Every structure is written in structure tokens, then in C-alpha cells.
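Keeping the supplied structure of chain A fixed, place chains B, C and D upon it in accordance with the hints.
4 protein chains.
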Amino acid sequence: MTKIPRDRLNDYTNEAAETRRKFIKKRTGTSLSHVGNYSFDPSILPGNIENFIGVAQMPLGIAGPMLVNGEHAQGEFYVPMATTEGTLLASYSRGMRLTREAGGITTTVVDDAMQRAPVFIFENARGARDFGQWMTAQFDALKTVAATTTRSGKLRNIEQYSASKMLYLRFNFTTGDAAGQNMCGKATYAACKWIIKNYPGKISRYFLSGNMDTDKKHSQLNTLHTRGKRVIAEITIPRELLKERMRTTPEMMFAARMTSQLGGLLAGSVYNGVHSANGIASIFIATGQDEANVAESHASLVFAEITPDGDYYYSVTLPSLIVATYGGGTGLATQRECLDLLGCYGKGKVFKFAEIVAAAILCGDLSLGAAVVAGDWVSSHDELGRNRP
Amino acid sequence: MTKIPRDRLNDYTNEAAETRRKFIKKRTGTSLSHVGNYSFDPSILPGNIENFIGVAQMPLGIAGPMLVNGEHAQGEFYVPMATTEGTLLASYSRGMRLTREAGGITTTVVDDAMQRAPVFIFENARGARDFGQWMTAQFDALKTVAATTTRSGKLRNIEQYSASKMLYLRFNFTTGDAAGQNMCGKATYAACKWIIKNYPGKISRYFLSGNMDTDKKHSQLNTLHTRGKRVIAEITIPRELLKERMRTTPEMMFAARMTSQLGGLLAGSVYNGVHSANGIASIFIATGQDEANVAESHASLVFAEITPDGDYYYSVTLPSLIVATYGGGTGLATQRECLDLLGCYGKGKVFKFAEIVAAAILCGDLSLGAAVVAGDWVSSHDELGRNRP
Amino acid sequence: MTKIPRDRLNDYTNEAAETRRKFIKKRTGTSLSHVGNYSFDPSILPGNIENFIGVAQMPLGIAGPMLVNGEHAQGEFYVPMATTEGTLLASYSRGMRLTREAGGITTTVVDDAMQRAPVFIFENARGARDFGQWMTAQFDALKTVAATTTRSGKLRNIEQYSASKMLYLRFNFTTGDAAGQNMCGKATYAACKWIIKNYPGKISRYFLSGNMDTDKKHSQLNTLHTRGKRVIAEITIPRELLKERMRTTPEMMFAARMTSQLGGLLAGSVYNGVHSANGIASIFIATGQDEANVAESHASLVFAEITPDGDYYYSVTLPSLIVATYGGGTGLATQRECLDLLGCYGKGKVFKFAEIVAAAILCGDLSLGAAVVAGDWVSSHDELGRNRP
Amino acid sequence: MTKIPRDRLNDYTNEAAETRRKFIKKRTGTSLSHVGNYSFDPSILPGNIENFIGVAQMPLGIAGPMLVNGEHAQGEFYVPMATTEGTLLASYSRGMRLTREAGGITTTVVDDAMQRAPVFIFENARGARDFGQWMTAQFDALKTVAATTTRSGKLRNIEQYSASKMLYLRFNFTTGDAAGQNMCGKATYAACKWIIKNYPGKISRYFLSGNMDTDKKHSQLNTLHTRGKRVIAEITIPRELLKERMRTTPEMMFAARMTSQLGGLLAGSVYNGVHSANGIASIFIATGQDEANVAESHASLVFAEITPDGDYYYSVTLPSLIVATYGGGTGLATQRECLDLLGCYGKGKVFKFAEIVAAAILCGDLSLGAAVVAGDWVSSHDELGRNRP
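Protein chains in written order, with this note's numbering: chain A, 742 to 1130; chain B, 742 to 1130; chain C, 742 to 1130; chain D, 742 to 1130.
Excised from the complex, chain A in its bound form (with noise of 0.2 Å):
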């Protein structure tokens, strides 16, 4: 069999694409001319892919506008999202279209980390407990070792969490800009190498994760002490637009949520949210966000209720959103213009961006939540998402 040499592994040229497609042709008679149709030069590449043969060219649409009233976000926003799941954008334009003509929605970044989670193993118990005491005596001079590995990362803070044998760690940074899961895994190496080195003790073992980051997967752990950023959107709407735009009432969203509350609970559903996956991994693929993390982003907490005066409070917690503006994906081509449409490439644009993610997932909650208490749910679907079979 041959295969693509290792050496052109990191060969970002339009000829080594072509070359590949051509292979690939060959070996499963399959031409790849749409896939072929880039606009940019795949120099940019190095740091997002290997083996590059082209583009996945996902549908793009403009959901919006969508009015936040953020600390970071100020404003009128259309926001970017890729998917091929017909209505979804429909549905969350429908949603932007009713939080805005309701004053907007004010939304709140509340927490800020992202992790590296070692663990140390040791003869027993008492080995484990007396490294975490050390540990915690250590702080001022992990931080620096920290430091000596990335410019926007920071070391916040280190959990400890025991059991058994282990001692599992968790290390906390901020990462400016950046998403920064590659520069806490710099940085927390570079640390546990200067443990390993100082530590009086004997250490049996380590891993650089003992997968309390849980990197990719939802964890209650996350949930509980955030991962990316913790977000928060708000809003309060008027009974009387409810029932004029929504055709329905604040009693009937809110006993719906209620019975479908319970349902997720019973089912062991992970959070009391209604689908912010689809939101979340529609702005992620078009702004360059690490797609796999709707693993982890998707959790969210909503919190609703009938106002004394009869309005529909709802909110949205998205605890564990991991976002950047910079680095990863966020520079290639159309993933730049998107990030640029919502004013929100490059540094000091995190907390923005987050803010419009969480607005967006409420837009999208409300809508849906709308369509299934007033039963427009399947018709919306077979108009619009028609060429289902």
C-alpha cells in the first residue's frame, strides 16, 4: 500500500493539496474538485491541520439582528452561523428578533479558566496527602515556572483532588485571547518537570492528565468550577410581545419547561438546557472556535421565571464555554471575516465574543421553546427543512 509520506506531513502548499487529491482519486476514484475550491493561500495552515486536502465548504447564514447590552458587547449584532440543519437559522433569528424588540439582553462573563490536570501517584494514601500539603507551599514558584512558558497565560490557581494513591491536580490559567488548552499544557509540563526535580518526597508516577481537565468531554466538574469562560444572558419579556410575536403565554413557556425539566432529570440529561449545541457549534465552525469543544460548551444552566408582573424572565448559564479571538482557527480566511463582522478578531475581543455566544444560545432557547408549546415545531421543520427524506 502506499501511503503519503510522513515528510510532506506539513507541506501547506496548493500543489501538495492537489497532489493528495490526486491520490486519493486514484485510490478510491473519487474526485475532489468542490473540496479543491479554497480561496486562501494554505501557508496560513501550519497550527490547524495536517495532511490538507482542501475545504469542507459549510453553509453560511446571518442570523440577526441581535441586541446585547453587555459589559463587553454593546449593541446591534448579525451574527455568522454554519450548519446544514435547516430552520435552525430561521429559528434563532426568530429568537434575536423577540429579544430585541424586548429591550435586549444583558449578559455578564463571570469567571475566567482554563486547565492542564496532572496526577501524581504514590506509594499510599499518606504519600499523595503530604505532596498536596508541599504543593500548596509551592504556588509562588509554580506561577513562575509557569510563566517562563507563554506570554497570555497566567497560573490562577491549583486544585487538589484525592484519591486513593493519587493526588490529582488541577491547574487554572487565564489565557487572554487565546482558547489556550496547548499553552496550560506547556505550561503545567513545564511545571511538573520542576516538581518531579524538587519534590523531597518519592513520587511514583505522573501523567500530564489524570483527566480532570476532562478535555473534549462535558464533566460535572466543569459545570462547577468553569472551563473557558462562564457566561451568563438575561433577559426579561413582555407577556403581551410573548403572546403577540411567540403566540403564546409566559404560563404555558414556563409550565413547558417545568414538565421538560423534569424529563431531563429522569433521563440523566447533563444539564436543564434546551439545545445550545446547535447554536454553539453553528458560530463555532464558522469563527474559527475548536469544533470538537462543543463537547464541553454545550452545557447550559437556564434559570426561568414569571416575573410579579406577569412578564417571562429566562436565563441562560453557559459554564464551561471555551472561545477565543485569537490563535487556533480564529485567523484563517472566512473565520477571520466572521470574527471581523461581530467586531470581535483579535486581542481583547474574548469577553466580547463570549457575550454574543450566550446571547445567541438565549435567542435560540426562547424560539425553540416557543415553537414547541405552540405546536409550530414540525411545521416550521417541513417548510423549511424540506429535502429531508
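Hints were generated in silico from the structure; no laboratory data involved.
Heads up, some of the hints might be wrong.
Since the list gives no way to pick one copy over another, a pair counts as held whenever it fits inside one copy or between any two copies.
What the hints assert, rightly or not - Here are the simulated EDC-like pairs of lysine to aspartate or glutamate, each with C-alpha atoms no more than 16 Å apart in a straight line:
#	residue 1	residue 2
1	Lys767	Glu817
2	Lys763	Asp1081
3	Lys766	Asp853
4	Lys895	Asp853
5	Lys984	Asp1050
6	Lys767	Asp1081
All values derive from a computational prediction rather than experimental measurement.
Positioned in the frame of chain A, the structure of chains B, C and D alone reads:
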């Protein structure tokens, strides 16, 4: 504020897309020239997106070849993966090389079901219980009703879950080669209307979703009872091969797995897999799957052991893998090319595709697992992800 | 070191108990005079304990009367509760008074199942899948085999759960008036031996428990599919009564519930009830239930709402309440007296008893809930729990 | 309906108890003669129960001797266990014999905290965030306020969890030798009153519990951050001893553990231990612990491995063991005798007692684990639990 007229939502022409891009340019100052670079006729888009403005160009690479000994997928496959995360393609390819040299991956589809889960509310718990008994007796009638709405969806069984004065139902369908959420929605909606008309007792209220379908979110229920395909990938890696290719041993791999498994349990992580979200998101985007379904599909149960011969048995069970080879985004330009190169586009291909996805996840798990153990995880990210801040 | 001879384990006489107490006195210096004060003939004890030395004297109080409008329990009941926690009896009694004045509690048993869950291991996932298909076809045969081991247990259905090369089975039985874990164990063991003998394929290994019975621990599976009885208690408390008796309003109660429900979700709490463990533990100890089953039985799902008339609807669903009125500890001296006073000892009484337990839990929830809201929680503990340090 | 007058709730005399028993006799026809057989003066009961009528006589046995190599518990212990479940004592004793012959169990207390968790509600999320920052600055003041209410409780730290417009706080205390829920409640209540008085901003509302103490229920948060004592028991069982005493091997034990661990994960079981609830409930009832705390305390994390020498390392981590050697029910008649025989009654004994409980749980785990593997689980229940129906 000028807004895009609602009657233009479904105007799928190049002109409409350009008009929208110009509108965005005018409103935000951002020129969307890369976004406007797509190679297909937008008239294929109805059912996939609204407010179309162009495409996200997501870098696409090719991993493999991967050797699969499935019941539906047999032979070597080059796997298209769309990502912006450096190292991902290289890591999955490394795992594919390892498993190919080990003789290939055994894959098995063990279950198949898609859901819509309405909830019916009664005056009290007894009303809900009586309704449940009646429902059990109506299964054949409901199957007939559901069948009037879809050719490819077949009602398989209806689960009942009781709490308070509610009865939560979970309609399970097989959906052929489509993911099938919409066909399940329509069929269940028809069933609900039939129920409302025919139930002799008093129903206080019903909602088409009571949230026990757990659409777009992870749940224990989906892990137990399957959502989409339940597919298992297995392999035994010879000890010597592991040592040679991955610079580690079954014992070290297993020790790291045990430690990280406890870390995951401690963290309240929703499953014990490694990083399935990476592979699933990348393949989903490449092949036109619903990208938000990463939330449900990334659940993975790993079971590993050292064999009596000292080799390393490793298996990945994906209990809720939502995939399609027909409908949704599968027929779009690059998406179809990517399915074609796997020999997975169209009718009769969905189990083959499910097997390929599961096999790929296993490769990624082994590669990352070995990297963490061998200590080259950070260094390889440093090398291949070098534009990260 | 002298040890109690193993052949004396089952010596259920006063002399044997005294010999053991003297031995303890000699070894530890502690005189067990209160422990030795029991009022029954130890010859009733085989099947309940080994190495008998006497009794724990657990203070017993009486709560109520509680008014139940059940299908099996009807009328007023005085509920025996054994506890060492001050305030508990007073609080449950307060709730019983409230619900009695509100017209009584409606109770409904909606499901009934006890499990033993063996696991069968195969060469690979396909072996497990084939076995599952074979098992489905053998149900009648297995039911017959199971029936040879028990008169009161009936095999109801067998769930199958697939992961890796394993098939986890969950044998569901109805068990009459016994809790039934042991009869399920025996019947399933017989079934497993029959399977091993009759399965034409190759089984690598099996274990009588693969942990999906989830004996002695809470699980989502038990919440979904019932372990023991699934029983629901409901009531609507008139607004004025709530104000008069509990010094609070439906709105305040509901607001506190919403807030604490989100707190529980955030904490990764296993259910959204209030403090069912208090009532369950106390009644279980009083009535000879297996006291360790508090772990499984304390799961409770609460659904509450303010009615259109402004009253407070409150319901408790206990999805995995393991109770017996026959066998186990139910026939012991004080235990039987306590069952007798409820009219719940012996055959044909278990649903009645389940309804009483659920009703009591509801009373405790309402009382504590109101205390937290009205601010008299700390003060009443201070008054009634005053020997606490 | 005649009711026991409320002013008699606290009438702790033999006469009052007898009056109540006669009342029950009259109302229900049930004579409570065994219940009336207690050997202590009821005047010791205030703080432990209301509406006292007598005692539940729970059979008590003695397991052991168990050899503990703790930091607080050292030497051999006879463990009192109250139960009505046949086989339990025999099984724990079997595990104690095994571990004694293996050289004893190493135990380590690694953390200590009891909580009360109020929630404060604000106009919006920013209000909650501002309050959190203020709270951080007030820690010393709050510690002083809390200290005014209790001698033995010390405020250790206050966790903050943010969601929607709420800030959930978790006040962590050390509580000396008491379990301490009530002292934490009082101290936190005082702190809350101080907060309400001193916070310069606007608080909409607060509740003394927002449910993140997760009182009387299992939660992931307690597993992560400890509730009560966090204590670890470890042992290495020599291969030959395991074979001789338990008729099994480390490999078989480990294989069963791996399989049942996956079964538990699949079931959504809350921890990966075996049956800690059995040991904990039995010891709790014997020694006057709050019996409802089995719900929180039964969480157990098991980590096992086969050592390079082929022996079996096994550890149990109890992350939320709520125990006391002073206050609550510990001073009652038989309860104190049971604590005394362990040398664990009174001040300065709580860590010793926590170590003994953890060691016992480990013994029960190993014994049951071996029984399942060796296939004598059903037969021994059949022999020792023979009055079961």
C-alpha cells in the same frame, strides 16, 4: 433598522447571497470575500440553511489509511476530517497506522434507534398510569399512524417513564440511512394527534417533547438505550507493535487508563473515553452530519485489558452515534465528495459509515493515550500546533 | 489472638450472645449491658444476623396521624420512626398535620420490579450481540427455570445492555411482599446455569452481578426503570392553609424550590427531592426493612406547581423504593409491632406500605421546605436538638 | 380525632412513653410490648427524638477482629454492626480475617469539612457577581461572626458557585468530634444575618439552604469537595492468601472489578464501589450516627490493581463520610457502649472512628467481591439467610 425581509429567507440564489454580504459590508464594514467563495449552486440549499451568505471554509485533511474489518465496512479507508486544531490529523493517522499494522479494527453495529419523546400530563398520577396501560395496547395502531408520515422511518417501540402526574413517552424509530430527527418528529406528532383524538380518558395537556429524547445533549438514557447507532470498535494490539510504534507498553497504557478513569469518575465526567469529540466533530463536519450532534454522539465507553499473552485489547462503544448517509447535509458539495471517497453516500450505507466513525475514534484514543504516556504529547503539539499563542 | 469459633456463628441463644458480650468485655473492657437488653428469643434470628450479641436500642417515636387516600392505604396512620436526630419526628408530624388538614395525600403505585443483573463476556462484541438475540428467544424457558427456585418471585422481563464484548442483562422480577433480592439472586443464578448449559455459542466468562442491578447504590438506571416499588404521592395544599399553618405562601415555597433545584443541578445532586433519606431511614429501621437500602430508596423526584387557583400542588415520586412486609427483618419483635400498627405486616400488604412511606416522605418535604422558607429551621433545631454540641 | 397534645412532644418520661403506646393500642389494636422494652432513662433523649414511645430493637452482631494500621486507629478492633440482613456480619468478618492475615489495613484521613450552603438572589447576574467579590473580602469578619455561635465549629472557607442571578455559597466548617450539621446551620445563619445587615448592595432574597450542601443526598460536589471526613483505606493482599482464603486470584478479582465498573458506568451508578451502604448503615445504627446520612456517606471510590509481584492492591476512598463520636445519638445507651468498645466515644476520637469505618468498608468490598467471583454468593445467602421467602 433595515432588516433582511423575511420573504427572502428562502431565496437561494447567488444574487441573494451577494445582496446579504453587501448588506453586512454596509452594516459592519466587513468584506466577506472568502465567505463568498463557494463552488456549488445555492439552489441545492433549501432544507439546510436560511439567510445563506456563503460558506465557512473549514480546512480538510485526510487521515489513514485505516483498516476496518467490519460487517459493513471492509478494507482500507482514507478518512476525511475537517478541523482547525493542529495535531489532530497527525494523531489520528498515527493511530490508524498502528491499528492497520495490528491487523485492523473489528466493528459491530449492535443497535439502531432515533427518538421523539412527547409528554402527556394528567390530573394525577393515576391518570398517567391508566394512560400508560392504554398506550401499551395501542402500539399497532400507532405504528400504522406513524407510517403514514414517512417511508423510511419505522416505529420500533415506545418506552414509558412515569413521574408525578406525567407520563413521558419515548417513541423509538429506525430511520434507514437518514439521521431521522425530523421524520421522527413528524411521525410522533401524527401519533400524538391520533392519541388526543382517540384516548377515552382526560389528558390535561401534552408537549411534543418532554425532553426525554434528549435532543442535542448528552444523557445517561441515551447511553443506556441508544440514540442513533450503537456501534463498537475493538482491536488487540500486539505488545511488540505497541512498544515499537508508540514507545510504550500495554502495562503503561493500562495504568494510565485506570488512573484517568478514576479521575473522570471523580470529575463527574459523562463517560470514560478519551477524546472522541475530536474525531466525531471532524468527520461530522467533513461529511455533512448535523454538527450539533457532537453533543450526543461524543459519548464513548472504553473497555481495555491486557490479554493473557500480554497484548493490549482496547474497545470503544459509541452508544449514541447519530449519523446519516442520506438527507440532511450529506448531499452538499464537499460533504458528498467526502462520503463518496469513503464509499458511503446514499442508501444502504449508514451502518458502513457508523463502523468507520467508530474505528476512527478508536484510533484517536490509542494515539492520544500513548502520547500522554510516552510524554510526547506536549512536544508534538508544540511542533504541529506552532502558531498557537 | 483468640477468636470466636466459626461454628458458633449461627448459635442463636441467649447464652451464646452472653458469651460473646463477655468476650468483648474481656477484650475491650466495655460492658455491653444495654446491648444485652432485648426482649425476644434469639432463635428467631437466623437469616437476619450472625455473631449476635444483643440489640441496638434505637429511639422510636410516632408521627401523625397522617391521612392517606391511597388505593391500598386508606385512612389515618400513625407512622413509627426510629431516629437519633432531634426535630425529625416533630417536623414530619407537622407535615402530616398540614396534609391531613388539606384533605389527605393521594398515593399511587405505578411499577414493581426487583433485579439481579448478571454479565456475560464473549470473545468480541459480535459474540455478545448474537447471545442477546438468542436470549430474547429463550425468555419463556428462562421464566420456567427461574420459577423452579421461588414461589413468590416471577420473572417479568430481561433488559439487555451492550458494551464492548459484554452483554449486561437485568433480570426483572416481581417478588410479592418480600423485598426479594435473595430470591432474585437464586432465580437468576439458576437461569445463568441453564444458559451456560444450553447456549450453543461460546461464552468466555460470566459473573452473577455485572453491577447493573445497582445493588446498594443510587443509579440513574434505577430512577428510570424502577427498583422495588415506584410510588407517587400527591397533594394540593390550599393557599390559606399554607399561610396559616406554615407562615408562608405557595409563591415563596415555589421560589425556594426553583432556587434549590438549580443548586442541586449545579451540585450534581442525584435527585431534586428535599430530604427523603430522613423519613426513609427512620421508617426502614422501625419496620425491619434492609437499612442499607436507604442508598437506593432515597431517590425522589419532586414536581410542584402553583395551581390556577393559587394553591400549591406538590408531588413526590419514589422510583426505587425497596420495601417488604414479609421476610427479612419484618418479622422481628419490634419491627413486626411497628408494621402491625400500620396494618402492614405479612402477605398482601406491600403496596399499602409503599404508599404510606411515600406519603410520609411528602409530609417531611413540605415541612422542611416551609421551615427553610419561613426562617424557623435553625430555631426549631435549636429548640428540639438542644443537646447537640 | 384525638391527638397527642403538642406540649407533650418533649415529655421524656416512661409514663409519657407508656401513655403513647396505650394510645396507639387503642387506636390501632397493636400492643407495643417489645417496643416498650428499653433499658435507659428517657430523660437522656431530648435532642434525639420527639413523641418517644420506646425503641426499635435492631439485632446487633460483632465482626472481626479487624486489624487497622491507621494514624488514629491502631491495632485490632471488634466492629459492632446492627442489621437485619443475614450474611452481612459473616461476610464482613470474612473480609476482616483476610485483611488481618494480610497484615492489616492502612487508613488515612485526608480532608474534613461540614457545610451549610445558603443562596443569595439578586436583580441580575452582575449583582450576584459583585456580591461574590464583596464576600471574598469579608472572610475574616464572617469567620468571627460564625465563631460567636459555636465553640467546636470553625469556618474554614467559603466556596462560591454562580448561576443566573444567584450566588450559591458553601460555608465549610471543621466541627471537631461532632457531625456538625446543626452547628454549621447556626453559624451560617448568623453569618447570613450579618451579611444582610452589612452588604452595601441590594439583595433580593436569600435562603439558608440553596441545596449545595446537598444535605441527605448524594452529589458529585460532595465527592469532589468532601462532606464530613474524606478517608482512604488501602491494603495489598498477597496472591497466595487470596487463593487460599477466597478461592480466587488477583486476576479474577480484577477482571470482575473491571466488568462491574463498566456496568456501573453504563447504569449511571453514582460511584464505583461495591456495597459500602451495607457496612455504613450497620455501623451507623450501632454507634448512634445519623442513620439518614447513609445517603451521603455511602459514596465510595475504589481503585484496585495487580501489583508487579502479582498481589492485589485494593483501596476504598470515602469522600463524604459523616461521622461523630460526640453529640447526636452517640451518647445513647447501646450506641455509647458500641463506641466504647471501639475506644471511640467522646472528644478527640472522630478521626479514629472514621478510619475504622473505612477499613470495615474495604473488608466488606473484598469479601463480597470474592464471593461473586468464586460463585459462592448465592449459596452463602442461601445458607445464612434461610428464613427469606
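Subject >> Within, between, both or neither, where Lys767 and Glu817 count as close if Cα-Cα is 16 Å or less >> reply: Close across copies (14 Å), not inside one copy (50 Å); limit 16 Å.
For this session: Have a look at Lys766 and Asp853 and pick one of within, between, both or neither, based on CA distance no larger than 16 Å.
Result: Neither way: Lys766 and Asp853 sit 46 Å apart in one copy and 32 Å across, limit 16 Å.
Can you tell me if Lys984 and Asp1050 fall within 16 Å by alpha carbon in one copy, between copies, both or neither?
within (15 Å within a copy, 22 Å between copies)
Tell me, please, which holds for Lys767 and Asp1081 at an alpha-carbon limit of 16 Å: within, between, both or neither?
-> between (40 Å within a copy, 13 Å between copies)
**Q.** Copy assignment of Lys895 with Asp853, given that the CA separation must stay at most 16 Å
**A.** within (11 Å within a copy, 30 Å between copies)
Status of Asp1081 relative to Lys763 across identical chains (alpha carbons, at most 16 Å): between (35 Å within a copy, 15 Å between copies)
The earlier numbered hint that this structure contradicts is number 3, and it is the only one.
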